[in-house]
Amino acid sequence: MAATAILLALAAVPPLCAALAQPYYLTLFARVMILGLAAMGLNLVLGFGGLVSFGHAMYIGVGAYAVGILDAHGVTGGLFHLAAALAAGAALACFVGTVCLLTRGIAFIMITLAFAQMVFFLAVGLKEYGGDDGLSISARSAFGPLHLDDPTILYYAIFAVLLLTLLAGHRLVHSRFGMVLRGAKLNERRMAALGFPVRRYQLTAYVISALVCVLSGFLLANLTRFVSPAYMQWQVSGELIVMAVLGGTATVLGPLVGAAILLLIEEALAAFAMGLPVGVEEFVRDHRLGALGLLIVLAAVGMRRGVYGALAPSAH
Amino acid sequence: MSVIVLLTQLLNGVQLGVLLFLLSAGLTLVFGIMNFINLSHGSLYMLGAYFGAAAYTATGSFLLAVVAATGGSLLLGLIVERVALARLYAREHLDQVLATFGLILIFNEVARVTWGPSSVYIDVPGTLVGAVDLLGLSYPRYRLFIIGVGVAVAVALYLLIHRTRLGMLIRAGASVPTMVGALGVNLARLNALVFALGAALAGLAGLLAAPLMSVQPGMGEPILIVALVVIVTGGIGSIRGAFYGALIVGIVDTVGRAFLPELLRLMLSPSLARAAGPALASMLIYLVMAGVLALRPQGLFPVKHG
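Heads up: the protein sequence lines correspond to chains A and B, in order.
Residues in the first sequence are numbered consecutively from 1, following this note's numbering.
Residues in the second sequence are numbered consecutively from 1, following this note's numbering.
It cannot be assumed that every hint is accurate.
As the list claims (entries may be wrong) - Now the stretches of chain B that chain A is said to cover, found in silico as 3 or more residues with beta-carbon under 8 Å:
1) 41-48
2) 109-118
3) 218-229
Simulated from the structure, these hints should not be mistaken for laboratory data.
All C-beta atoms, glycine included, are put in the ideal place defined by N, C-alpha and C.
Kindly produce the complete structure, drawing on both the sequences and the hints.
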């Protein structure tokens, strides 16, 4: 029920924005969906696999840079962009995942962070592709008759990817594969004793979750027509975790809800106006990150299942 | 590439390592004893720098600045630990990452509100200006002072942990905290004490770094990431690991940045070396850490159990 309502609301955003003549909100909700997609991808290992990856922002970067770099060389074909992004992401995720899964617990958190930092500095070092300043993209990925330059078409393309990922995610989590993954989260040793090659399952989950983030980066580059190392700053990895936990890690859709909450609250605080004395409103607008931080701390201390997790039945 | 340059860079590496050690010592104890990930440790470093800078500007005494920086972050650490973080010790790492990530945002805004968004600079204290002659090597007096302070703190911590009753409890707590609690030790108080000690050291590190870098909101985050690299490389929970890990990371980072681009120029084409050198130098410590974790997941100098 709640899931249908959320998806219908997202589908209704473009006509509403057109009716209200507010194109800005179209971009805002496109961002919500893109980051929600990344958070959903992360949640496959984080929520269902019990592996806290603190470096998934690097896969957003891989997807975005695939578009940026190919565009800089004059390749505009969308399928080329997509294939390059996914191939690079899969290769990186296979390697990084294999190394990281040698560790568990805090060490896993830290080693994923370390790899993300390496890729971040690699992007900073790519001077011919803008280095620190990033790179503008001259044209969006071309998909034949599908013109992503039309904001509404771009929005619905992102929506379609989101919908497909949701369906696939739902089926994956409830499949035998998902059961093994969730079983390993609860008791890895027992799953191994039952004869499951646990690490291979976890690596597969890691690669799938990375590819969803690559997809999200691909869409982000097409939305903003810009890539920069800032897309894979460690804070972005942190925000993805915040989104997943805020929405509820035990559900497939939760991270999307978390992304919506986080981005919309930040947006609301940036435009904060409630008839309070002038100084107070300006103070809140200028220092909204502090208010957001307070909210995150309260959520972490007081909430166990996330906003959507409290609404929807748990997947377990 | 002369010997003098190499020695200078080595000393710079040691100086960075010592700063990292001050930051990592508290972090690794909190990790080891409470099994708690404190991403906001860097904020205590930042606020220590602000407290110290404010006291130094107001009084002109570096000694008072040290008192303000350590005392201020100690108090702040105690409050934060009691109010928010102590509730999270028993929770998943995920909740801990989340809460302390939120604290970073809060503290950065607190700093911005209190001291403004622009950087604050403080001078090197008068008696420590200039350079000293080390057997023909001229080296800044203040950086040498940092090395001295760091080594003194390391020795003091060693004595505290290996020669006192409190240290015995800390070591026992790092191995089997439930047993320590069962033997009648007030774990909540021990945890608060360890957290506050770590916070004070972070504040001291912030102040010591202040004359070398600018004091600004968000200054704690880059160095926190490096401190995390240190404790994971050295072995979580181990002060010895934090010390050697900090020196390794400090020296690898400094020397790598200084010489790696030149070294690459010998092997690669100049343009490629110019592009790859700085990027590879920034990645070096993470490479070291990933290598250590992959081969020795418990770190180079893990806590000895039993």
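Status of the hints after comparison with the structure:
no. : hint    : verdict
1   : 41-48   : violated (count 0)
2   : 109-118 : holds (count 4)
3   : 218-229 : holds (count 4)
Of the hints listed earlier, the one the structure fails to meet is number 1.
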